[in-house]
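Asks: What follows is the residue order along each chain.
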Amino acid sequence: MNHSIALVDCNNFYVSCERVFNPKLKNKPVVVLSNNDGCAVARSEEAKALGVRMGEPWFQFKHLAERHNIITCSSNYALYADMSDRVMSILSKFSPNQEIYSIDECFLDFTGFYKDDLTTYAQKICRCIQQQTGLSVCIGIGTSKTLAKLANYIAKKNLSFQGVCNFNAMAIQEQNKWLHKIKVGKVWGIGKQLAPKLQQIGIYNIDDLKNINPSILDLQFSVSLKKTIYELNNIVCFKLEEATAQKKQISCSRSFGVLITSFKSLEQSIALYVSRAAEKLRRQNSYTGSIHIYICTSPFNKKESCYENSVTIPLPEQTDNTLTLIQFSSFGLRKIYRNGYKYQKAGVILSKIVSSKERQSDLFSKKDKQKKSDSLMAALDQINALMGKKVLIIAAEGITQSWKMRQSNMSPRYTTNWNDLIVASQFI
Amino acid sequence: MMADTIRTHGGRRSGAGRKPGNSIAQPTTVIRVPVNTAKVIKNFVSTLTEDRPLQTHAKLSELIQFVRAKQHTVFPLYTSKVAAGFPSPADDHVEQRLNPSDYLVENDAATFFVRVKGDSMTEAGIFDNDVLVIDRSRTQQNGDIVLAILDGEFTVKILEQSKKGVTLIPANRNYSVIEIKEEQSFEIWGVVTGSMRKFK
Chain A
6 MNHSIALVDC NNFYVSCERV FNPKLKNKPV VVLSNNDGCA VARSEEAKAL
56 GVRMGEPWFQ FKHLAERHNI ITCSSNYALY ADMSDRVMSI LSKFSPNQEI
106 YSIDECFLDF TGFYKDDLTT YAQKICRCIQ QQTGLSVCIG IGTSKTLAKL
156 ANYIAKKNLS FQGVCNFNAM AIQEQNKWLH KIKVGKVWGI GKQLAPKLQQ
206 IGIYNIDDLK NINPSILDLQ FSVSLKKTIY ELNNIVCFKL EEATAQKKQI
256 SCSRSFGVLI TSFKSLEQSI ALYVSRAAEK LRRQNSYTGS IHIYICTSPF
306 NKKESCYENS VTIPLPEQTD NTLTLIQFSS FGLRKIYRNG YKYQKAGVIL
356 SKIVSSKERQ SDLFSKKDKQ KKSDSLMAAL DQINALMGKK VLIIAAEGIT
406 QSWKMRQSNM SPRYTTNWND LIVASQFI
Chain B
6 MMADTIRTHG GRRSGAGRKP GNSIAQPTTV IRVPVNTAKV IKNFVSTLTE
56 DRPLQTHAKL SELIQFVRAK QHTVFPLYTS KVAAGFPSPA DDHVEQRLNP
106 SDYLVENDAA TFFVRVKGDS MTEAGIFDND VLVIDRSRTQ QNGDIVLAIL
156 DGEFTVKILE QSKKGVTLIP ANRNYSVIEI KEEQSFEIWG VVTGSMRKFK
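Residue numbers (the working numbering), protein chains in the order written: chain A, 6 to 433; chain B, 6 to 205.
Worth flagging that the hints you see were computed from the coordinates, not collected in a lab.
Treat the hints with care, since some could be wrong.
Simulated pairs of lysine-lysine, DSSO-like, Cα-Cα distance not exceeding 27 Å [stated by the list, open to error]:
no., chain 1, residue 1, chain 2, residue 2
1, A, K29, B, K122
2, A, K29, B, K186
3, A, K285, A, K357
4, A, K357, A, K371
Computed footprint of chain B on chain A, listed as stretches where at least three residues anywhere in the stretch have a Cβ under 8 Å from a Cβ of chain B [stated by the list, open to error]:
no., region
5, 136-142
6, 364-374
Note that the Cβ used here is the ideal one computed from N, Cα and C, for glycine as well.
Produce the entire structure from the sequences given, and follow the hints as far as they go.
Replies: Written as structure tokens, this is what we have:
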């Protein structure tokens, strides 16, 4: 029996979330900027039409924005996360198997559904999400995750599909015709580096890829490309992953609001990111064995001298203790910091992460030391969960944080804060 | 010199080792048993040898019968704690304590809250600063109180739809009925299903 896998993807998710609560943004070019208002991370159709590219730095399209009255919003992740949660929870009612793939996408398994017409079923899902959350979604259906992704891509780009493209209800010739039109770089898992290599051996579009014999590719290309080719030919290689796997790596990085030169400010920012990363680490109940920190100057500013460096510090004992991690990160920063540069970004990556069960303790460390550390961190997390995120902070994070990121146009947290609710004006 | 030294280390020492004449009164052997059965087996054997010398060739079934007969009167004094007072007659009837969310919110994923500013709905019991519950999973019907967007502004009114068009009706005599004109932008955001107010 052939599988029926659907990919549901929200359209221009961040912009759409902003529009649900701010009707004045409708039918206007809107761009949501990344943390620190750095670059475009979501664009409304109107903004796309004006030529704002995904990931484009703000200062590069500033003139365009001014000329066409493009509205820019700072990213409001509290809002997006809550809206995502709502969408996923509604979608979970339409299939027993759901894989939440990202903040705005999920796979649903419709295999074996006794439904005459999955296309109609998918359209019903679109209407339901639209009504209940105000967000519009597109759905692609295929025999594999790879085909579902492509079907979704087609539904997004071609309004005639009215939001749903179902490969499984399409004649094979027609499906191939669509695949022929799409460049090979658009296939799930084939990135910018792989696409040119494939073009060299004469594979330009997805239909070409589908018809290649995977065995001749073996030496040059990875196994996952082979799997992709099988998936294009209706053979499932990537199953739905329902349980969210523990993260093997946790990172936290930001661009600064102002360029930083002093060691102290840099040290504070690193301490804050370590703090955030350690919180995430503890939330998934695991420990890290290695901390990596990096700093860099702006890659766009050609006038100033550039510097970037990073250091990885293996930890003597796997830990989840913010204080310990900050000690090591400050030590590392001292090694890579150079005076006289204007730093624009810093970040922290925790890796070699193990779950609490796999954790190895240090033979020579004291038992009660670990117990004390655990209860201190638990108390820190509990107080912050109960009384607000920044009630207890590590002093190394700094109190004033003058370097903090710009979020000049952040919308209210409409769904997560009582003081930020939508206001209904009753003066008319 | 060496020959005169009394050896205190190594070799056989008289009087060492297990004494003969233990409770079983015959030669013993070491056997390996699974840890979780060790206690049961010890118990069995000790019961077996309590009053009588063990017969070497007794059948297993006889042994079991004997042990059963000896053990069947033995009960533990108590296995768990019992509260000294009268057992709670409510134990079988414990229910979840009431939660206002359950009362107000039917469909969590589709429910939003909105703050009221102004007094155009006071006669419907909606006052300044109230928080209203909006359930977007409901389809609006005539007479429903709805949150609508009129020319880009949120407002709460009573909905009246007919062949002639859509009207928004306030619940306060000082305000006038709003007839939606074609050139106006209008959208119903959701149906108001409840309200919340705090006095302190």
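Asks: Look at each hint and say if it fits the structure.
Replies: Status of the hints after comparison with the structure:
Between K29(A) and K122(B), the direct Cα distance comes to roughly 19 Å. Compliance with the 27 Å bound is thereby established for this hinted pair. A distance of roughly 19 Å separates the Cα atoms of K29(A) and K186(B); the hinted pair therefore holds under the 27 Å criterion. Our distance criterion of 27 Å between C-alpha atoms is met by K285(A) and K357(A), whose separation comes to about 14 Å. With a CA separation close to 23 Å, the supplied pair K357(A) and K371(A) stays within the 27 Å bound.
Only residues whose beta carbon comes within less than 8 Å of a beta carbon in chain B count, and the region 136-142 of chain A has 4; three or more means the coverage holds. Coverage of the region 364-374 of chain A by chain B is violated in this model, with 0 residues showing a Cβ closer than 8 Å to a Cβ of that chain against a need of three.
Taken one by one, the earlier hints fail for this structure only at number 6.
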